[in-house]
Amino acid sequence: MPAYFNFAIKRLWQFVLVVFIGINIAYVITHVTPIDPVEQSISAVTSFGNTSPEAIADMRRSLQELYGLKGDWIEQYISFWRRILQADFGPSLSAFPAPVTSLIARALPWTFGLLAFTTLVSWSVGNLLGALAGYYRNNRSLKFFGVLAMALHPVPYYIVALSLMIVFGFIWPVLPITGGSAMDVQQGWNWQFVASVFHHSVLPALSLIMIGIGSWFLGMRSLVSNIITEDYVVYAEIGGVAQSRMMGSYIIRNALAPQVTGLAMSLGGIFNGAVITEKIFGYPGLGTLLVDGVYAGDYGLVLGVTSIAIIGVSLSVLVIDLIYPLIDPRVQVAS
Amino acid sequence: MKRIIFDLLKYNNEFRIGVFLILIVMTMAGLSFFSPYPPNDVFVVPPDAPPSADYWLGTTSRGQDVFWQLSIAIRNTLAFGLLVALLSRVISIVVGLSSGYLGGWVDRVLMAINDTFIVIPLFPILILFYFVLRDSMSTILLALIMSSLGWAYDSRLIRSVAMSLKTREFTGTSVFSGMTIFEILRREHLPYVLPIIFSTTLNNMNWSIGLEVTLAVLGFMDINTPTIGGMIYWANQHTAIVAGIWWWVTFPVLTVVATFVGLYLIAVSINEYIDPRSRLSRMGGGQS
Amino acid sequence: MRRLYTAFLATVMALSLVTLFSKNVEAQGIPQNIPRKELLILENPEGTIKNAGWFNIWAINAGSQSNGLQQAALDTLWYIDPEKGIDGAWDNSLAADKPIYNADFTEMRVKLRKGIFWSDGVEFTSADVKATVDIQIKNPNMRFSAVLRNNVASVDAPDAETVIFKLHKPNSRFHTNFTVRWGAIWILPKHVFDKVEDPTKFDFNKPVSLSAYTLHSFDPDGKWYIWQLREDWQRTSLGRYGKPGPKYLAYVDPGPPEKRVIAQLNHELDVIHDIAPEGMFTLAKQSKSTKAWFKGFPYGHPDPTLAGVIFNTQNEHLKNRDVRWALALMIDIRAVTMAAYRGAATISAIPVPPTGIHPDAYHKPLEAWVKDFEIDTGKSKHKPYDPNVSKQIADMLRPSMGDQIPKDDKEIKDSFGLGWWKTNLEAATELLERAGYRKQANQWMTPDGKPFTVRLMVEGDLRPVMTRAGTMIVQQWKQAGIDARVDVAQGTLLTRRSAGDFDAFIGWSVETWGGHQDLSYFMDSWHSAFLAEPGKPQPLRNWQRWSHPELDGIIEKIRKIGFDDPKGIELGHDYVKLVTREMPFIPLMAYNVFTAMDHTYWTGFPTSDNPYANPVTNWGNSRYMFVKLKPAN
Amino acid sequence: MTTQPILRVDHLKAHFRSSYFGVYREVPAVDDISFDVAPNEIFGLAGESSSGKTTLMKTIAGLITPPLELIGGKAQFSFMPPETNLYGADPAQLARIRWSKLSYIMQGSMNVLNPLRQIRSIFRDFAAVHIGGSNSDFETKTVNHLSRLRLDPSVLDAYPHELSGGMRQRVTIALATICRPDFIIADEPTTALDVIVQKEVLGMIRSIQREMGSSVLFVTHDMGVHAALTDKLGIMYAGCLVEAGRTADIFNAPQHPYTRHLIHSLPRIGDTVQRTGLTGTPPNLANPPSGCRFHPRCPLASDICRTERPMMRQIATEHRVACHAVAGDDA
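Protein chains in written order, with my numbering: chain P, 1 to 335; chain W, 1001 to 1288; chain Z, 2001 to 2633; chain F, 3001 to 3331.
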């Protein structure tokens, strides 16, 4: 156990380091963006109005002060970290003075709900079917599914989503194609809202699962078809080990290690949001927030979302590393 | 090598279909050199014509012939995917194998770098790069950036394979037999990670082309270089699907799908040929 | 295993069936608790609102503006309709009459209407107007603070119906700050803001309305806002025109263009703000109930905004008028309108948008002058104007669009515009040569021997039609031997435009009232006093960074005459002639907005036949449409 | 031959038939082989690599997967219903006899244990269904069995990678014997082990076999092992059985030239003479030599050897050989 403890400490330290480096890189890149939030705000405020040039110069000065863009970069950098340690990303510049954390808090449940669900479903179903297809190589319906998965998973996601939308929103309009829930339904734990959320998530979820399931399926199938030639599988077969045990503890269990790593990363990746899903299905979430933030030159917002994403992925990688010895007992010796 | 390809071609159906698809795609790409129209010019043919004898795949709302536009687009897209895949493969193999095998501080340092690359969310970074570089963001530069961002995931995968290989006996045997680290990695481990490299190369091409399409759909692209994503972008700008100009979207998508299915089938069948285990099981388990 | 697999398939099928049929088919994109017949659904082109619960429009850029807030809930002193208006383009809204200036334009007196009430029952008075000014001057970080601070010395409210603005310096156009063209300085409720500690941090949720609608509900994720007609709608400035038709308004984010088309085909979006021309054609073809501004081609509503190629005249190579004219003469406007709008554009050769009352005030009176306008290249003389371009465009379109294309000459000129400059590569060559440029192997070289490069900046996806126009112009320039490139500045355009970081871009620096001939709306900011040094941010709207002593003269003269003074039109003619000679930007066409209106639930939308208002949904002026809408049967 | 043999292999033929990457190959890997294994006997199979030993074993064990095909003959176990090969037998029937009557120790048994499973679970996976009883009963029986083999019960808690190679092999033997099977097929179980461990493992097989009275079909190319362990011995060459008999007889009086070669190539202490090996290499079975398959390498080859295939003939009690050159040719 002390060996494991040491390993965990090391890993934890690495996690901190990775998050630190990652957020710094994001900080630097967001700050070299040529988009000037002040100009962006001024344009938004004035482009439809009749505002005199002197007034604009005036406005520029006060905005710079308001957005805290004055002061040298060292001060800005230090105060950035000071705020982050208090889980505060400061105000959003494009939705001033709303705090970035509140914008993220609003978008996160949608993104998390949709993506965690679809990732888990496509992972488990894809792997299960993939394992079966790798084991029962001559099963017709599994073969057919394999062809389907192979043909479907390279289709650009955008096309899949758009086709689903056109089929179920236009040709046979039975599913909602916009928003996370129906209009004028109050958010909260009431049946109407929950049903509405479920109903609205069908198409986005379906599109994500259709695209996601294929690579897990194909990956698992090829892993399994390698594993079934391993001596221990052949031996267990000769030994008459029960089929379900074979499948579970001998084949899937051994094929699972790389897939679990993949799952952790996909789960971490959900903090990136699903920009195209959100765009096509008008689904609320982090992706739109991020792209909007980039457009508006809103570093506060972009950094906030990016940092959440960085922490999210690192955390799931950390967790997977910590539990990896449970998945593959051979690894503990190596670490 | 020639023989392998010949054998595969003659006797492996999957490989044949794969080669067939890729040949079509490559021919398509090759034809771009004979295109009668400059790739970026618009309104060189009547717009919105459906597929016909004159315009095999129809014309776009921008007055471009879909066939010729597609040929240059697939050429650029293939070159792009290949460049990203190759460059990022080099990094991920080197990092993954050395990290997995050497372990210790090398592993920790490499994995710290690796994990940083994994956790940095790609998408915003790409968009930010796009803003910073603006019109100097060519397709080639995008490929470079993507390959330097897109290796980390796979190198972790390769590392995990290398780590489990390391605990197998033959590694120890090789160490005692005095092979150098490089030799061990190359001769003992590479064959085992080769299947993974094959599938990751494919996935990486898939990923990079997919991301190219995504960026293009969102409008973050170099519109001076026609690509598949670019075609979809323009079609989208002209609401081609609801306007009934389906051929503008369908043919590029079919081409991308053909490319991927083709590459996948080729990779799978070559893999089978190379991988001693699956080959053995086909050949009939060694007559000892 | 097989059993597991079957069970899985069965579950998937069962789930999908339940999902598909558990809900009634109609209730997808529309409110469930509001009768559809009482509801008008409009697009809010701002998309998804990040900070949805923020209604304090007087703070900078914090929430949404066109989510119904400025169209349905807020009000200010005057409106100028970009078209004819219900009762003339000018409408006294909260003000009882036009503004009254003193002789030297240093004081503006406003008489207010009586009997207007806030939605919480408090009466609107001059104190609200005064507070609007005072509070914003006091808080420099508020939206209209700078403009008020710069102009207003003091504001008095001697009685409940009178407001007197004392100005720092003469300004004959001060009232335009309170005159809605898209938006304006909205009047804030004093009784609410008086209780607020820091008005820049106040969200104004739920907003107190001054116009006919109040907030009913909104999506905390910023996708939709629903407004409800006030019981006491008669106590608002809109009450004069009768009861608004829709009891509810929904401003929604319908998503990308193809979804807007689908939503309207499904009758779930009554008014689309704007779509690609092809989307408009699709709607016109597939939906009997969809109508647009023009009943046939070119459909779209021409905004009083003039799209053009704006040069950075501080750029070394583009300083020269001859070069700019040469670039203009390389353009074939017919191909540009085809590429941009599929021909559905209203072109203009002169720097005034060809919309509203402008054709009568500027285009037609000046056509004779334009026809005679001559370019002397030193080698030869050319009359570049071609009065028949719009007819040629109509003829080009007729084979594919058939009867949708008007045949009558007047109708063609009304919808497609008058003439434009004819492509003249010979004149362009001579002009460039005079400027010291040389052509080597079909490639123009600058006087210092480098290839002549022009990067034309476009906004990409955010302005698709403009992007298409830019792409076409670049193609034409390339064919003429210029090393031209499209430079997509999606998201960065605003910053780069202000920084002068471009050779040329497709956009507009000319925006007008449309319904009023006064040009100072944009022109005043073109005065050389506001011109920025290269590299410094240029305030709006002189994006071309161009100045001319003659222009300064015109601007100064306009400042000294009244808003309605007919002399303004003469000075406008001087402006047109000057800019045509100098070509600091190439005027192309009106910015046509394809606002599509579905007549399934509502009728009475404004059209070119009945141009009582601007239907474009995000304009504050679109509120006049509410009172004219009637339920369809 | 008084007792009923536990295994009777009768004219067994199995070929590899493959059409892979264009080459159609028919490899007669098991070519007309007959022998018996009596109860409580260790029958050894010897031969060079690729002489068909493993294929023969697989055919006997019914592990016939394409491209291997059963062409003819049978391999009859006494505990199976008459006239049934394991191959093609009723799965329920197979499940009953597997491990309880017939078990295996595989070649390369380093990797036969699932690396992600504790030894305890592996034992349970293989044997619990045959032994039955509660978990704790099973645990007790396992521990007893291990201690009989002088294995510490703590190995049950280990994962395969935590055990040394020899240990793992011993665990595998324990696993193969826990159900006290009547017949054990052991394919090169000691090949990868160092000599000392090898000796221990062989001793272990010997003692457990004695104790249980099982029969063992033991395959190895190592003649030294055969000499030390087996009761009877069959020599294989190129898919054919060329000589079979009591181990002692064969070592004392090898008949077939190939057998002689195998035995003479065993090193002996004090030997200083350079041993002459056979010339040539084992034949390509896809295209076997005509007549006697050994003739291209045989020092005694005559014309008949090139044309006619020698049959197995009894030359002494329980000693058969297939060679034209042995004891006059009267066939």
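Among the clues, some could well be false.
[Unchecked claim] The calculated label-pair distances, taken between Cβ atoms and stated as ranges, are: (1) Asp3152/F - Ala242/P: 22 to 32 Å; (2) Asp2565/Z - Ser163/P: 56 to 66 Å; (3) Lys2407/Z - Trp1056/W: 32 to 42 Å; (4) Ala1053/W - Phe193/P: 48 to 58 Å; (5) Arg61/P - Lys2407/Z: 49 to 59 Å; (6) Arg3017/F - Pro2/P: 57 to 67 Å; (7) Val16/P - Asn2139/Z: 56 to 66 Å; (8) Asn6/P - Arg3148/F: 36 to 46 Å; (9) Phe1006/W - Lys2450/Z: 21 to 31 Å; (10) Leu1194/W - Gln2032/Z: 49 to 59 Å; (11) Met1026/W - Ala242/P: 28 to 38 Å; (12) Gly2121/Z - Phe193/P: 31 to 41 Å.
[To be verified] Chain W stretches covered by chain P per the calculated footprint, using a threshold of three residues with CB under 8 Å from any CB of chain P: (13) 1032-1040; (14) 1051-1057; (15) 1087-1095; (16) 1248-1256.
Simulated from the structure, these hints should not be mistaken for laboratory data. C-beta atoms are modelled at their ideal positions from N, C-alpha and C, and glycine is treated no differently.
* To do: Could you check the structure against the hints above and give me the numbers of any it violates, in ascending order?
  => 7, 9, 11, 13, 14, 15
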